[in-house]
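Protein sequence lines, in the order shown, are assigned to chains G and C.
If you read the first sequence in our numbering, its first letter stands for residue 1, the second for the next number, and so on.
If you read the second sequence in our numbering, its first letter stands for residue 1001, the second for the next number, and so on.
No wet-lab data here; the hints were simulated from the structure.
Incorrect hints may have been included.
Listed next, the in silico DSS-like pairs over lysine-lysine satisfying Cα-Cα at most 27 Å (straight line) [to be verified]:
id	chain 1	residue 1	chain 2	residue 2
1	C	K1009	C	K1540
2	C	K1158	C	K1136
3	G	K57	C	K1136
4	C	K1136	G	K71
5	C	K1541	C	K1529
6	C	K1134	G	K57
7	C	K1039	C	K1392
8	C	K1540	C	K1331
9	C	K1541	C	K1523
10	C	K1523	C	K1009
11	C	K1043	C	K1033
12	C	K1238	G	K57
13	C	K1009	C	K1529
14	C	K1238	C	K1223
15	G	K110	G	K87
16	C	K1628	G	K95
17	C	K1350	C	K1043
18	C	K1223	C	K1346
19	C	K1229	C	K1259
20	C	K1488	C	K1331
21	C	K1009	G	K97
22	C	K1338	C	K1043
23	C	K1158	G	K57
24	G	K87	C	K1628
25	G	K157	G	K71
26	G	K95	C	K1009
27	C	K1158	C	K1258
28	C	K1350	C	K1215
29	C	K1393	C	K1039
30	C	K1213	G	K71
31	C	K1213	C	K1331
32	G	K100	C	K1009
33	G	K87	G	K71
Quick caveat: nothing in here was measured; it's all calculated off a predicted structure.
Here's the letter readout for the chains.
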Amino acid sequence: MKIKTHIFMVTLVSILLCGLVVADTHHSRRSYQGAPPFIPHTISESSKEMNCLSCHKYGGYSSKYKKDAPKTPHPTYINCIQCHVPKRTDSLFRKTKFEKWQNVEDKPVKTTPYAPPVIPHVAYERQNCASCHTSKNAVRPTTHPNRANCIQCHVYKGFKEERTLRVKEND
Amino acid sequence: MYGADRLTKAQIRKNGVLVEVELEEALDLVASKMTETIKEYGKDSVSMYGSGQWAIVDGYAASKFMKGGIGTNNLEANARLCMASAVVGFLTTFGLDEPNGCYDDLDQGNTFILWGNNMAEMHPVLYSRILENKRKNPEVKIIDLTTRYTRTSQFADKVIYFNPQSDLAIANGILKIIFENNWQDNVFIENHVMFKEGLTNLGYGTEEGFKFKDKPKTVSREKFIEKLKEYTPEYVEKLSGVSKKDLIYLAGLYGNPKKDIVSLWCMGVNQHTRGTWMNNLIHNIHLAVGKVSKPGNHSFSLTGQPSACGTVREVGTLTHKLPHGVVMNPKHRELAAKIWNVPVEKIDPKPTYHTVDMFRALDNGDIRFMWIQCTNPMVTMPKLNRYLTGAKKEGRFVVVSDIYPTPTTDIADVILPAAMWVEREGLFGNSERRTQQHEQLISPPGDAISDMDQIIRVARKMGMGHLFDFEDKTMVKDLYEEYRQFHKGHGHDMAPYSVLQKEAGVIWLYINGKSVNWRYNEKYDPTCKPGSGFDFYGNKKSEHRAHMWIRPYEAAPEIPDSEYPFWLCTGRVIEHWHSGSMTRRIPDLHRAVPHSYCEMNPKDAKRLGVLDSDNVRLTTRRGTIVLKAYIDRRARPIEGQVFVPFFDENLLINELTLDAYCPLSKQPDYKKCAVKIEKA
Chain G
1 MKIKTHIFMV TLVSILLCGL VVADTHHSRR SYQGAPPFIP HTISESSKEM
51 NCLSCHKYGG YSSKYKKDAP KTPHPTYINC IQCHVPKRTD SLFRKTKFEK
101 WQNVEDKPVK TTPYAPPVIP HVAYERQNCA SCHTSKNAVR PTTHPNRANC
151 IQCHVYKGFK EERTLRVKEN D
Chain C
1001 MYGADRLTKA QIRKNGVLVE VELEEALDLV ASKMTETIKE YGKDSVSMYG
1051 SGQWAIVDGY AASKFMKGGI GTNNLEANAR LCMASAVVGF LTTFGLDEPN
1101 GCYDDLDQGN TFILWGNNMA EMHPVLYSRI LENKRKNPEV KIIDLTTRYT
1151 RTSQFADKVI YFNPQSDLAI ANGILKIIFE NNWQDNVFIE NHVMFKEGLT
1201 NLGYGTEEGF KFKDKPKTVS REKFIEKLKE YTPEYVEKLS GVSKKDLIYL
1251 AGLYGNPKKD IVSLWCMGVN QHTRGTWMNN LIHNIHLAVG KVSKPGNHSF
1301 SLTGQPSACG TVREVGTLTH KLPHGVVMNP KHRELAAKIW NVPVEKIDPK
1351 PTYHTVDMFR ALDNGDIRFM WIQCTNPMVT MPKLNRYLTG AKKEGRFVVV
1401 SDIYPTPTTD IADVILPAAM WVEREGLFGN SERRTQQHEQ LISPPGDAIS
1451 DMDQIIRVAR KMGMGHLFDF EDKTMVKDLY EEYRQFHKGH GHDMAPYSVL
1501 QKEAGVIWLY INGKSVNWRY NEKYDPTCKP GSGFDFYGNK KSEHRAHMWI
1551 RPYEAAPEIP DSEYPFWLCT GRVIEHWHSG SMTRRIPDLH RAVPHSYCEM
1601 NPKDAKRLGV LDSDNVRLTT RRGTIVLKAY IDRRARPIEG QVFVPFFDEN
1651 LLINELTLDA YCPLSKQPDY KKCAVKIEKA
């Protein structure tokens, strides 16, 4: 019994830690909330060979990087490096005063204990919830992936422009 | 915006060192120095060099101040280095500047031909629109005519390589095939086209005091076709390396009535010693097959800077221009004098220096005072060494308004801290003739104020306050409303300020509360004569017909030889904006591309024994530089050509480039000069 609890605790702690690590990289790769994350691995720069979508279109295990490749929420955009850039140095050209605007809470925000948590981040270019929240890499994987229409229950936290954007899209 | 070294205080050079002072003191010095210089050396010894990143009202205030207040035509802007060939191309072909269609053409066309244009990096959002169109419609084809395999080529259906400068031959070859096969639109040509011929053997403007004036004349259709005879596929192939098959394929696309064609170009065609000709030639092809001013059919010159169209081209912050028309035309001067409420004699009828000449004059001492706003010429001028030394000479006074220290502020006698676009109210105008208004969102740091405010405050100190006799609070609106009067009834009506405040930009020609998305086409443009179908009303003297110009192939001024065997092409990367003064201060962008490099073709590299990341020394007749060689990274230039981005102020490639320019547009060619490569 004791051993079982022990194993349970270890598993719980590691899951939590993993969650934190994922959450951490998830946010730290964006220079601000809503910015495209940078490319954390080396890329073959030669445009003749570039094909991000061969791994990131559907996501899944990459034998090259020995990791799960995250699935892009916007696979129809094929010129990926138009927004996502690799990192080749840690240096700065000049010092910066930029402070990251971080408005994603670490805990789910709920109005009542049983209410569906609100969507805490900007969803621009991330409207396809399933691509992130059903994968193994998810910061918060959904418990009910079979319900496809997420925004039926989960609402935006209150980004005014976000709502306008969606209304326009649905027109 | 967040760079820690943001300029927040004015600086004055005292005993050779820049020291911080109160803004008022610096503005006083600018005004007194300007007055003094005019008194001592005459009004044409002071000059202003602005930018296609100026807000519309900045450019308008500059024009009014220089042309209406001081009475000198010494006003230029960096758009001369970027869009001048497109301007003269549109003017000589259609009689009015700027594209006929709009961005909708990118969604509606089915064939996109890119003339030396790396859209995926330089116009990424617009390229995405084409890619989206292609995704939804498999018929869409992208043809990339290029001297370098780029990220754009990656998505193209066909990549056709050509040798630098030979685009002139290719365009003529296409025209020849079209007329030979009777693919032209005879009805359209009959009713709406006139054939023209200009001078040839124009020279390249590299010598001091170079002057050129074209003598256009009308010619017959027969003569026009006769002149194309030379451009047989064999001759074109010899010059360009484009095979007969590919040339016929291209001509076939243009000639196919089922194809809705958008030709797109930017710096490859414009930064060209025959840039105006190249612009004319692409318009020629579209006119020959009647594919102009229709949805999805467009000879579309893309703009490099956010407000090159809105500010420089429309306001006319160029030596020969007025907000409407040119200084040479008495009627245009009268209109300007009336709106500005200044005596008409005040406006000088003679254009003075275009950009390259202006910096040459600063070197020679004909110009003693220069006010540079919102641009970084000490990184971006070709043959930089000369102009850098010239600007530092004794007896030259240089004022620089900017947001960060740059190599240009290094040579300044006065630095004025400027407000960025989000820190002030303003307007800009883009490639598709859309004017957009923006509100101030945050306060500028320290003493920074907008370029417009700087000009107005100096003007007031110089006793020209009457030019800007508006409430400071409503200055932007009032200046815009005044400026709008220039374009009223001249095929350029613009939306009122109140409409711009409500809309996400409005395309001008704005008539009866509606934008004209396709000009010159009766269906969309109420300016056209009823029943005309198409009406090129810009060419009033040519029976409202568009011009098709005879424009032959002429060689580049400096061709690779045994001593300097490579072509040197310069340009941008997606991460960095022009001289990098802003983008390099953004951590992610700097980290993605921290320094400049030299892109080489792997075959050339192998021949020279150069491996990726090896240092190579580039030498031209003007300068030398050591860069890291990049082989098959971002892009692959054709054999015999190297490519170097110009954003890096520590590795100034423009010390090597040539200041030859198109004699018609006066735009320098940054894409072609001869260079020697050695392993360093």
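Comparing the hints with the structure gives:
For the proposed pair K1009 (chain C) and K1540 (chain C), the alpha carbon gap of about 51 Å is over 27 Å, so the pair is violated. Pair hint K1158 (chain C) plus K1136 (chain C) holds up; C-alpha atoms about 19 Å apart against a cutoff of 27 Å. As the CA atoms of K57 (chain G) and K1136 (chain C) are separated by approximately 18 Å, the hinted pair is consistent with the 27 Å bound. A threshold of 27 Å between alpha carbons decides the hint, and for K1136 (chain C) with K71 (chain G) the separation of about 22 Å falls inside it, so the pair holds.
At most 27 Å may separate the alpha-carbon atoms for a hinted pair to count; K1541 (chain C) and K1529 (chain C) meet this at roughly 15 Å. Of the pairs offered as hints, the one joining K1134 (chain C) and K57 (chain G) holds, with about 18 Å between alpha carbons and a cut-off of 27 Å not exceeded. Note on K1039 (chain C) and K1392 (chain C): the hinted pairing holds, with a Cα-Cα distance of about 22 Å set against a maximum of 27 Å. Annotation: proposed proximity of K1540 (chain C) to K1331 (chain C) holds, straight-line Cα distance about 15 Å (limit 27 Å).
Among the hinted pairs, K1541 (chain C) with K1523 (chain C) is consistent with the structure: their alpha-carbon atoms are about 23 Å apart, no more than 27 Å. Note on K1523 (chain C) and K1009 (chain C): the hinted pairing is violated, with a Cα-Cα distance of about 54 Å set against a maximum of 27 Å. For the hint pairing K1043 (chain C) with K1033 (chain C), the CA-to-CA distance comes to about 12 Å; that is within 27 Å, so the pair holds. About 44 Å separates the Cα atoms of K1238 (chain C) and K57 (chain G), which puts this hinted pair outside 27 Å; it is violated.
About 56 Å separates the Cα atoms of K1009 (chain C) and K1529 (chain C), which puts this hinted pair outside 27 Å; it is violated. The straight-line distance between the Cα atoms of K1238 (chain C) and K1223 (chain C) is roughly 24 Å, inside the 27 Å bound, and the hint therefore holds. Between the alpha carbons of K110 (chain G) and K87 (chain G) the distance comes to roughly 36 Å, so the proposed pair goes past 27 Å and is violated. Distance restraint check for K1628 (chain C) and K95 (chain G): the Cα-Cα separation of roughly 25 Å lies within the 27 Å cut-off, and the hinted pair is therefore satisfied.
Proximity of K1350 (chain C) to K1043 (chain C) is assessed by CA-CA distance (about 13 Å); at most 27 Å being required, the pair is judged to hold. The straight-line distance between the Cα atoms of K1223 (chain C) and K1346 (chain C) is roughly 45 Å, outside the 27 Å bound, and the hint therefore fails. In summary, the hint linking K1229 (chain C) to K1259 (chain C) is supported, as the alpha carbons are separated by about 26 Å, within the 27 Å threshold. Restraint check: the Cα-Cα separation between K1488 (chain C) and K1331 (chain C) comes to about 15 Å, which is no more than 27 Å; the hinted pair holds.
Our distance criterion of 27 Å between C-alpha atoms is met by K1009 (chain C) and K97 (chain G), whose separation comes to about 17 Å. Restraint check for K1338 (chain C) and K1043 (chain C): the C-alpha separation of about 22 Å stays at or below 27 Å, so the hint holds. In summary, the hint linking K1158 (chain C) to K57 (chain G) is supported, as the alpha carbons are separated by about 25 Å, within the 27 Å threshold. For the hint linking K87 (chain G) to K1628 (chain C), the alpha-carbon distance of about 18 Å falls within 27 Å, and the restraint holds.
For the given pair, K157 (chain G) sits about 24 Å from K71 (chain G) by alpha-carbon distance, which is consistent with the 27 Å threshold. Proposed proximity of K95 (chain G) and K1009 (chain C) is supported: the alpha carbons are some 18 Å apart, at most 27 Å. In summary, the hint linking K1158 (chain C) to K1258 (chain C) is supported, as the alpha carbons are separated by about 19 Å, within the 27 Å threshold. Under the criterion of a C-alpha separation no larger than 27 Å, the hint pairing K1350 (chain C) with K1215 (chain C) is consistent with the structure, at around 18 Å.
At most 27 Å may separate the alpha-carbon atoms for a hinted pair to count; K1393 (chain C) and K1039 (chain C) meet this at roughly 20 Å. For the hint linking K1213 (chain C) to K71 (chain G), the alpha-carbon distance of about 60 Å lies beyond 27 Å, and the restraint is violated. A C-alpha spacing of about 21 Å is found between K1213 (chain C) and K1331 (chain C), which places the hinted pair at or below 27 Å, so the restraint holds. Proposed proximity of K100 (chain G) and K1009 (chain C) is supported: the alpha carbons are some 26 Å apart, at most 27 Å.
Restraint check: the Cα-Cα separation between K87 (chain G) and K71 (chain G) comes to about 20 Å, which is no more than 27 Å; the hinted pair holds.
Of the numbered hints given earlier, the model fails hints 1, 10, 12, 13, 15, 18, 30; all others are met.
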